[in-house]
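Enquirer: Single-letter residue listing:
Protein chains: 4
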Amino acid sequence: MPEKNKETAILLLSCPDQKGIVAEISSFIYQYSGNIIHSDQHTDEESGSFFMRIEWELEGFEIPKQEIPGAFGVIAGKFSMDWELHFSSVIPRLAIMASKLDHCLYDLLLKNKSGELRAEITLIISNHSDVKPIADYFGIDFYTFPIDKENKFEAERKEIELLQKEKIDLIVLARYMQVLSENFVELFSNKIINIHHSFLPAFVGAKPYHQAFTRGVKLIGATSHYVTKDLDNGPIIAQGVISVSHRDSLEDLIQKGKELEKTVLSRAVKHHLENKTLVFGNKTVVFD
Amino acid sequence: MPEKNKETAILLLSCPDQKGIVAEISSFIYQYSGNIIHSDQHTDEESGSFFMRIEWELEGFEIPKQEIPGAFGVIAGKFSMDWELHFSSVIPRLAIMASKLDHCLYDLLLKNKSGELRAEITLIISNHSDVKPIADYFGIDFYTFPIDKENKFEAERKEIELLQKEKIDLIVLARYMQVLSENFVELFSNKIINIHHSFLPAFVGAKPYHQAFTRGVKLIGATSHYVTKDLDNGPIIAQGVISVSHRDSLEDLIQKGKELEKTVLSRAVKHHLENKTLVFGNKTVVFD
Amino acid sequence: MPEKNKETAILLLSCPDQKGIVAEISSFIYQYSGNIIHSDQHTDEESGSFFMRIEWELEGFEIPKQEIPGAFGVIAGKFSMDWELHFSSVIPRLAIMASKLDHCLYDLLLKNKSGELRAEITLIISNHSDVKPIADYFGIDFYTFPIDKENKFEAERKEIELLQKEKIDLIVLARYMQVLSENFVELFSNKIINIHHSFLPAFVGAKPYHQAFTRGVKLIGATSHYVTKDLDNGPIIAQGVISVSHRDSLEDLIQKGKELEKTVLSRAVKHHLENKTLVFGNKTVVFD
Amino acid sequence: MPEKNKETAILLLSCPDQKGIVAEISSFIYQYSGNIIHSDQHTDEESGSFFMRIEWELEGFEIPKQEIPGAFGVIAGKFSMDWELHFSSVIPRLAIMASKLDHCLYDLLLKNKSGELRAEITLIISNHSDVKPIADYFGIDFYTFPIDKENKFEAERKEIELLQKEKIDLIVLARYMQVLSENFVELFSNKIINIHHSFLPAFVGAKPYHQAFTRGVKLIGATSHYVTKDLDNGPIIAQGVISVSHRDSLEDLIQKGKELEKTVLSRAVKHHLENKTLVFGNKTVVFD
Numbered sequence: 006m007p008e009k010n011k012e013t014a015i016l017l018l019s020c021p022d023q024k025g026i027v028a029e030i031s032s033f034i035y036q037y038s039g040n041i042i043h044s045d046q047h048t049d050e051e052s053g054s055f056f057m058r059i060e061w062e063l064e065g066f067e068i069p070k071q072e073i074p075g076a077f078g079v080i081a082g083k084f085s086m087d088w089e090l091h092f093s094s095v096i097p098r099l100a101i102m103a104s105k106l107d108h109c110l111y112d113l114l115l116k117n118k119s120g121e122l123r124a125e126i127t128l129i130i131s132n133h134s135d136v137k138p139i140a141d142y143f144g145i146d147f148y149t150f151p152i153d154k155e156n157k158f159e160a161e162r163k164e165i166e167l168l169q170k171e172k173i174d175l176i177v178l179a180r181y182m183q184v185l186s187e188n189f190v191e192l193f194s195n196k197i198i199n200i201h202h203s204f205l206p207a208f209v210g211a212k213p214y215h216q217a218f219t220r221g222v223k224l225i226g227a228t229s230h231y232v233t234k235d236l237d238n239g240p241i242i243a244q245g246v247i248s249v250s251h252r253d254s255l256e257d258l259i260q261k262g263k264e265l266e267k268t269v270l271s272r273a274v275k276h277h278l279e280n281k282t283l284v285f286g287n288k289t290v291v292f293d
Numbered sequence: 006m007p008e009k010n011k012e013t014a015i016l017l018l019s020c021p022d023q024k025g026i027v028a029e030i031s032s033f034i035y036q037y038s039g040n041i042i043h044s045d046q047h048t049d050e051e052s053g054s055f056f057m058r059i060e061w062e063l064e065g066f067e068i069p070k071q072e073i074p075g076a077f078g079v080i081a082g083k084f085s086m087d088w089e090l091h092f093s094s095v096i097p098r099l100a101i102m103a104s105k106l107d108h109c110l111y112d113l114l115l116k117n118k119s120g121e122l123r124a125e126i127t128l129i130i131s132n133h134s135d136v137k138p139i140a141d142y143f144g145i146d147f148y149t150f151p152i153d154k155e156n157k158f159e160a161e162r163k164e165i166e167l168l169q170k171e172k173i174d175l176i177v178l179a180r181y182m183q184v185l186s187e188n189f190v191e192l193f194s195n196k197i198i199n200i201h202h203s204f205l206p207a208f209v210g211a212k213p214y215h216q217a218f219t220r221g222v223k224l225i226g227a228t229s230h231y232v233t234k235d236l237d238n239g240p241i242i243a244q245g246v247i248s249v250s251h252r253d254s255l256e257d258l259i260q261k262g263k264e265l266e267k268t269v270l271s272r273a274v275k276h277h278l279e280n281k282t283l284v285f286g287n288k289t290v291v292f293d
Numbered sequence: 006m007p008e009k010n011k012e013t014a015i016l017l018l019s020c021p022d023q024k025g026i027v028a029e030i031s032s033f034i035y036q037y038s039g040n041i042i043h044s045d046q047h048t049d050e051e052s053g054s055f056f057m058r059i060e061w062e063l064e065g066f067e068i069p070k071q072e073i074p075g076a077f078g079v080i081a082g083k084f085s086m087d088w089e090l091h092f093s094s095v096i097p098r099l100a101i102m103a104s105k106l107d108h109c110l111y112d113l114l115l116k117n118k119s120g121e122l123r124a125e126i127t128l129i130i131s132n133h134s135d136v137k138p139i140a141d142y143f144g145i146d147f148y149t150f151p152i153d154k155e156n157k158f159e160a161e162r163k164e165i166e167l168l169q170k171e172k173i174d175l176i177v178l179a180r181y182m183q184v185l186s187e188n189f190v191e192l193f194s195n196k197i198i199n200i201h202h203s204f205l206p207a208f209v210g211a212k213p214y215h216q217a218f219t220r221g222v223k224l225i226g227a228t229s230h231y232v233t234k235d236l237d238n239g240p241i242i243a244q245g246v247i248s249v250s251h252r253d254s255l256e257d258l259i260q261k262g263k264e265l266e267k268t269v270l271s272r273a274v275k276h277h278l279e280n281k282t283l284v285f286g287n288k289t290v291v292f293d
Numbered sequence: 006m007p008e009k010n011k012e013t014a015i016l017l018l019s020c021p022d023q024k025g026i027v028a029e030i031s032s033f034i035y036q037y038s039g040n041i042i043h044s045d046q047h048t049d050e051e052s053g054s055f056f057m058r059i060e061w062e063l064e065g066f067e068i069p070k071q072e073i074p075g076a077f078g079v080i081a082g083k084f085s086m087d088w089e090l091h092f093s094s095v096i097p098r099l100a101i102m103a104s105k106l107d108h109c110l111y112d113l114l115l116k117n118k119s120g121e122l123r124a125e126i127t128l129i130i131s132n133h134s135d136v137k138p139i140a141d142y143f144g145i146d147f148y149t150f151p152i153d154k155e156n157k158f159e160a161e162r163k164e165i166e167l168l169q170k171e172k173i174d175l176i177v178l179a180r181y182m183q184v185l186s187e188n189f190v191e192l193f194s195n196k197i198i199n200i201h202h203s204f205l206p207a208f209v210g211a212k213p214y215h216q217a218f219t220r221g222v223k224l225i226g227a228t229s230h231y232v233t234k235d236l237d238n239g240p241i242i243a244q245g246v247i248s249v250s251h252r253d254s255l256e257d258l259i260q261k262g263k264e265l266e267k268t269v270l271s272r273a274v275k276h277h278l279e280n281k282t283l284v285f286g287n288k289t290v291v292f293d
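Those protein sequence lines, which keep their order, are chains A, B, C and D. Heads up: the first sequence begins at 6 in the working numbering, then just goes up one per residue. Heads up: the second sequence begins at 6 in the working numbering, then just goes up one per residue. Heads up: the third sequence begins at 6 in the working numbering, then just goes up one per residue. Heads up: the fourth sequence begins at 6 in the working numbering, then just goes up one per residue.
Careful: at least some of the hints might be erroneous.
One copy or two, either will do: identical chains are not told apart, so a pair holds if it fits within one copy or between any two.
Said to hold, decoys possible - Straight-line distance between alpha carbons at most 27 angstroms, and here's what the computed DSSO-like set of lysine-lysine pairs gives:
id, residue 1, residue 2
1, LYS281, LYS234
2, LYS288, LYS212
3, LYS157, LYS24
4, LYS118, LYS263
5, LYS163, LYS70
6, LYS281, LYS196
What the hints contain is simulated information worked out from the structure, not anything from laboratory work. As the structure is a prediction and not an experimental result, all values here were calculated from the model.
Whenever a hint applies, use it, and build me the whole structure from the sequences.
Expert: This is how it looks when you write it as structure tokens:
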């Protein structure tokens, strides 16, 4: 962790692997008097891809913030990079979508309040009004969009409009019980994080705890992943498990699972908010 | 754990749930001056079944060992019990089936040697001769039954003959790479334990580490289960997981998995050897 | 878990180990038409002590609730038992003591609200007023007793008075930063649960995360225990750990630790509330 | 992991933190056509120290292996680095010291045999002859140096002579029951790895499982660390824990602990053998 008060720049990038990338980037930073405080890289040998996260202090860095993209663009072009530049001073704007279950919602709100999740939770969307009092307690704008078969398209249109108007950087599905349309998902590619209450790819789809109970597993899991158009099949960011036994009823599984869902979801959200995740194909690199 | 030197009797039973079972059994033991040292029970509410494991010291017990089955049979009949009676003085006879991979084989042999797994490892069967030197080192009889499509039926016939002749109580498939026939499995119902190198039911079938690598999971698992005619679908006895990341190659997954397979398989075998497992439907009760 | 609607009786007992205890108790229950739904026992061989937790349905049980203690007392006397009788219909009255840190407080309140912790959280006591808004949000009575060297005796006197008046069954110290006096502790023997933010007995006393950071450990822990007059030395109910590395600053340790503290404390409280804990000497039996 | 067949160079270094280190090192490698395949760094803010591990392929690198130290020495001097250069083609020479317990010894030998631990296990030293047959089975030279109060100095002298003559790179104490003298430890500074059978700093010294049993902990641990002159107080490389309960006897703790000791020790040894550990003060950086 950098000292909390010092502003940093973070580059997240991927490109075809080749010699000289690290040298070029680190020399660029050094040349303008930047002090690198974190650097992590990964090479995927199958695809021949190179991934990097590099963070440096802006204090004393000789290129003004707004000019860094232009200056770095030259290097990026040379190596055919996909890249993002983030500043630690910019707090991401986060929207939570929830239904009736409130454990993940509370957990995100409390971790945000205590400073563990560095985001501005801008708004909460729900297809029900049950969790409105929670939004009120935390002073977060709350929007209800009831959804049924008929109005789904229209409801999503309004949600998208709202999310775009509010310049939302990350959408977290906190046990949100509606499947988002392909259009919705594509508009927020790699910007929607979901929690699935099983150890994916086991128990895909509905009622995974019921499935786990029926199968008689000795561990139950939770999986947090980016949402793609293929249900429960997006790039996995974090997973966790907890022991269960024959003594656990279905209700016990659900209860134990709640604790796990909170932990796994907030871990994934934290990784994303700290710009530590990169998606490649259907996998993630998590620079933790 | 009882004192190692005191001989005990262990009853494992299941029956329809009803009042008075515990009272009847514990009174039976007390009436003949037995000292109960462990008692564990479970009621499955879905099926209305009652399960019990009860262990008492034989020292001072007024019914001779060979007459206990007859005496207890009266109670068993009254409650329509399925039951097994074991004596701690009887060391189960265990056969290991292995192919070329030796990590689980070594692990079982070493844990047996050090007293952690209380069994007499009577023989090792393989479809190859690679692991014969290991059998020799530990002084265990070794049998090779090469298997191909043509001879499978005949080879299994000989294996079964051997296992029956040697009065084998438990067969452990220590990464044995052949699928046993339905006939084989039924002859040794709930007496064959396998280790599957994934977190079942994720990644059923062949090459689960390859599947896990392709899916980009953040945890890999291992599952030990009783073998039934449905491949990888038998009652689960034990499961474990270990963290992996984008840095882990397929080879790393395989290596990390080995450690896990050993741990999970030996845990399941230990539970069985200590008469702590009961199968019901496609699940297990593990009195650990 | 019993069906939620059926009322049960739970006996928690300990006595010198001897033959016939289980038979006597189970026959007592059966004789009056009780249906045992859980029974767990343990024998501590060192001390020759027997421990038991037995739970049966009251529906159809032929002794009225208020007469059970008298009826069972005869058996208890015969075996010199220490025993407690609980009814599942009686919701324990719980008091939380907190200071400024609110993560454990929130966690207990939310788990209580969602039904995971079955208690009536009667009141919250703090030596500060910071967490009062939380008490208000959850509608719990809140009492501030500021404490300094001079008034400690007097403040505790008032707290004790309040706790006794409110017939509190369990006091949970949710990161409460004051050391309770010997007198206080003895008045609520085995009825005060604390969370210590380290893997006891490592890092006893103040600032355990600082100690852990300085020592360079690779795991940090949390320990929930009954409070005794010896600081951080009471009977342990639950422990947990989480991985850390050289990358984790002291602040990261504190943050990771919070998650752990919540989990471990609520698990211990849950065990107690479900009458699953028994203290013997400086250890616990946890019938989980 | 690099492709197994490609030879790599690995630099491990530490120096006072300052701007330009990464740029200088990566440019040095790039300038001579090296392809960086791994790079990891850490800054300890307390001490203002910078740590790095960087690995590049030697194929095509324009400086001959034997001249790399001279060439890099210029950069190292400029930044006042402590540094080590390793080549993946050089297999470290490892000595194991053991007493009578053989579980960690077997584990290291088997993992070495299967390729999981890349080392040449050159010799085994013991103060007893019990484990000699194991050395024989694996074809490793075995030396017995019985140790008592009188001969300790002389025995250690011979051990040191042997270890130096055999150019041992790493000494692993696999539950070796003798305390090494200060002189011995200093001669092999940061080259001796021990496994302590507890979660340090809890239960320092003799009989930690007895201590853990008496304290009634719910988790037991194991700690692998570099040996320093302060017993059980050296820099920690890896730690692990496993759950225990009131049902576990002291003997059960010892047995469960064995599994843990093997896992934790081999993990630490693997980190060291892959040149992923750096010691600073009484802590380690583990680039895993």
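Enquirer: Hint by hint, note whether the structure agrees.
Expert: Verification of the supplied hints:
For a Cα distance limit of 27 angstroms, the shortest separation of LYS281 from LYS234 inside one copy, 23 angstroms, qualifies, whereas the shortest one across copies, 40 angstroms, does not. In this assembly of identical chains, the alpha carbons of LYS288 and LYS212 lie at most 27 angstroms apart whether taken from the same copy (25 angstroms) or from different copies (19 angstroms). For a Cα distance limit of 27 angstroms, the shortest separation of LYS157 from LYS24 qualifies neither inside one copy, at 50 angstroms, nor across copies, at 53 angstroms. In this assembly of identical chains, LYS118 and LYS263 lie within 27 angstroms of each other by CA distance both inside one copy and across copies; the values are 20 angstroms within and 14 angstroms between.
In the homo-oligomer, the alpha carbons of LYS163 and LYS70 never lie at most 27 angstroms apart, since the shortest distance is 34 angstroms inside one protomer and 59 angstroms across protomers. Proximity of LYS281 and LYS196 under a CA criterion of 27 angstroms is satisfied intra-copy only: 13 angstroms inside one chain copy versus 34 angstroms between copies.
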